[in-house]
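Build out the structure end to end from the sequences listed, making use of the hints.
Chains A and B, in that order, are what the protein sequence lines are.
Each residue of the first sequence is one higher than the one before, counting from 1 in this note's numbering.
Each residue of the second sequence is one higher than the one before, counting from 1 in this note's numbering.
Heads up, a few of these hints could be off.
[Unchecked claim] The calculated lysine to aspartate or glutamate pairs, modelled on DMTMM-like cross-linking and capped at a C-alpha distance of 20 angstroms, are:
#  : chain 1 : residue 1 : chain 2 : residue 2
1  : A       : K225      : B       : E175
2  : A       : K229      : B       : E175
3  : A       : K245      : B       : E175
4  : A       : K128      : A       : D115
5  : B       : K103      : A       : E401
6  : A       : K57       : B       : E4
7  : A       : K264      : A       : E345
8  : A       : K71       : A       : E36
9  : B       : K83       : A       : E80
10 : B       : K8        : A       : E56
11 : A       : K304      : A       : E61
12 : A       : K264      : A       : E246
13 : A       : K227      : B       : E175
By construction, these hints were calculated from the structure, which means they are not laboratory data.
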Amino acid sequence: MKKAILFLLTVLISIPFISANGTKEATATNDNVSIEMWTKEGDADGTLQWTMGLVEKFMAENPTITVEVVKKTTVDELREDFQTASLAGYTPDLLWTVSDHAGPFLTADLIQSVDQFVDLTKFVETVKTADGSWAVPMSSGNHLMLLYNKDLVSNPPTTTDELIKMGMELTTGDQYGLVYNQTEPFWLVPWLGGFGGKVFAADGVTPTLNTKEMIDTLQFVSDLKNKHKIVPSECDYNAADTLFKEGKAAMIINGDWSLGDYEKVFGDKLGVTRIPMVSSTKKWPAPYTAGIYLMVPKGIDEAKANAVAKLVKYFTSKEVQYSQVNDFNRLPGLLAAYDAPKLQESSILKGSSYQLEVGTPMPTVLEMRAVWDGIKPELAQVLAGNLTPVEAAGLMQASAEAGIAAQK
Amino acid sequence: MSFEVVAKSLSQIGVTLALILLAFGLVELVIFFVYNKIFKAGDKALTGMLLAPALIGLFLLIVVPLIYELILSCSNMNLHHFKDPSFGITYFFDNIKRVFTTKILKQMTFWPLLFQTVLWTVIQVTFHVVLGLMLALILNSNIKFRDLYKGILILPWAMPPVIAGLTWRGEFHAEYGFFNIILRKVFGDGAAIPWMTDGFWNFVAMNITNIWMGVPFMMVICLGALQGVPTEYYEAAAMDGAGKGTRLFKITIPLIKPVLAPSVMLGIIWTFNNFNVPYFINQFMLESSDILVTALYRAAFSYNQYGFAAAFALVIFFILFGISIIYMKQTGALKAVGD
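Structure, rendered in structure tokens:
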């Protein structure tokens, strides 16, 4: 045992010296460069494996560049770790993450402009300030839409009146007309847009939650549950997802990330369309649109920046963008990739694009955190019947304002 | 995974190990030299050399973070002042003042939240000790299948808290959770409890979960202590006509107190600082289920108020420190360590 431990220690200690020699040689020739990329992709839906495959291919084509992929379990973990790493002076060289991270990273001055890496005019809308663009869109969307089981719904509802009528007919026994993640504010925002409201005033940072539009929205979602009873009494993401997959829910409001999974379960029986228009306002619900963005931390040296530029160009090449559409039903970040054959042929992606047309870009400002936190608990209380929409809207506003003040 | 990646990972571990070994080797040499050459007390060198790794470890893992926290609490650090925070004693007082005077959650200020945290801790520790002791007394008697019961009762302790917390959250689901299914079957549809949306019931759900998770620890501690109590005392008490209650309060509890008292102190500290259960059961939905550490988490990681959060953490630290000192003086916990 002692010998084994001694041997292991010797091997572990000797490796750095061997490896250090190798690194020295590489640096001496000034050819090799090693970069580290952090990604939020997970292995459950195969996106991490796909990302790793892309990186392997890139390294084969660029033998002087080594890319190390570090997977972060959640997007919050990626955000927190990146902030901590930045404080410690050790940052990765590229971030593959969600667009809403741009807000905190920009405020903390942790990322650099990406204008030097690609021509941003060739991409869908990105995070911009007067000083430049801050992220390269890898994919766009991340938006909510109405998905339905064609076995239960032949013609999807186009207005909320139809949705309620159809929902009541389809809610029988242990089957529900509609399911969605009721207490998550991300699912409330589309309806708020449908009632003509927004979470921020025109300046983009002042919360506007105590408004007639918000009160109407809260009344509407409360009615779906308590008056029309077309949604379960309590329903989180997992419950909604399971009910829909098991055929116990006719319709679900879910995001584009779930399309691949539902396509596997339902095949041709999966219908995708817009969330129905709000009958009283004649406005389409406006889900937030965002996407997966590539961000470059500040302070990386020139050699690494050049390697990162090559890697970003590869990720946003038409070939990779097509692959994203074909394998994961994600809408591309590169505008030229919108001619992908699958986008023209697939009814699922057509439905997703149809919804995207009325989406609204998700604010990436830091204040959004306070808005989410302000809405969530009060929304749950309205659904539970413990607060009226008027009371809840007032509390949401006060809470968001307090949260924003705390951030200063 | 390519050879290069494996080699790089191993090399990182190897470098760290090599550096730690090298550093400790140097420290040991210095201590040896100082004792022998400067103090001329070579016979004491071994004591210093043996203590050095633990002292250095404690310094790096406890003293340095505390100093860093103290420094951070004297700053205005947040995302707006992330790379260039200002430091000064006025920031420290401002941060401390904010802890006590402003809302540390959306609606709640420090004092109601402290009361909530104390209530949570008292309920938990009481249930843990009473139920743990009861189960230990049963397991310490001659019952059939004792080892089997012991194994089953210890299971919650063996389960990772994250998994247990999420599983329990599922069981409190209004429609598909175990509790409401049973309640509906027995008492009808109206009997379902809104575990996730009602403040009182959410607090009850939190407590049920943590009682389930915490009792096994206290049970094991009590069982260990009970097995050290000589049976002769009970035989003598029985001969004198002492009943079960008298034996419990006059023999058992006094004799297991040296073991029980430090465990209760640990229980108080762990429960006061328990983040997992309130987080997984409540998920920041209801302020009535928040405790000080969940508020601290929000300040530090949701709102990135690093300076304020450091001051807040110091306040929590000193509250716990005070409680521990008072408790130790009252119960004589850790007296054995001093002796």
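Comparing the hints with the structure gives:
Proposed proximity of K225(A) and E175(B) is supported: the alpha carbons are some 13 angstroms apart, at most 20 angstroms. The suggested pairing of K229(A) with E175(B) holds, with an alpha-carbon distance near 14 angstroms, which does not exceed 20 angstroms. With a C-alpha separation of about 17 angstroms, the suggested pair K245(A) and E175(B) falls inside the 20 angstroms cut-off, and the hint holds. A hinted pair counts as satisfied when its Cα atoms are at most 20 angstroms apart, and K128(A) with D115(A) qualifies at roughly 10 angstroms.
Annotation: proposed proximity of K103(B) to E401(A) holds, straight-line Cα distance about 12 angstroms (limit 20 angstroms). Between K57(A) and E4(B), the direct Cα distance comes to roughly 16 angstroms. Compliance with the 20 angstroms bound is thereby established for this hinted pair. The hinted pair formed by K264(A) and E345(A) meets the criterion: a straight-line CA distance of about 17 angstroms does not exceed 20 angstroms. For the hint pairing K71(A) with E36(A), the CA-to-CA distance comes to about 11 angstroms; that is within 20 angstroms, so the pair holds.
Between K83(B) and E80(A), the direct Cα distance comes to roughly 15 angstroms. Compliance with the 20 angstroms bound is thereby established for this hinted pair. This hinted pair checks out: K8(B) and E56(A) have alpha carbons roughly 17 angstroms apart, not beyond 20 angstroms. For a cut-off of 20 angstroms, the pair hint linking K304(A) to E61(A) stands: about 17 angstroms separates their Cα positions. A threshold of 20 angstroms between alpha carbons decides the hint, and for K264(A) with E246(A) the separation of about 13 angstroms falls inside it, so the pair holds.
For the given pair, K227(A) sits about 18 angstroms from E175(B) by alpha-carbon distance, which is consistent with the 20 angstroms threshold.
No hint from the list above goes unmet by this structure.
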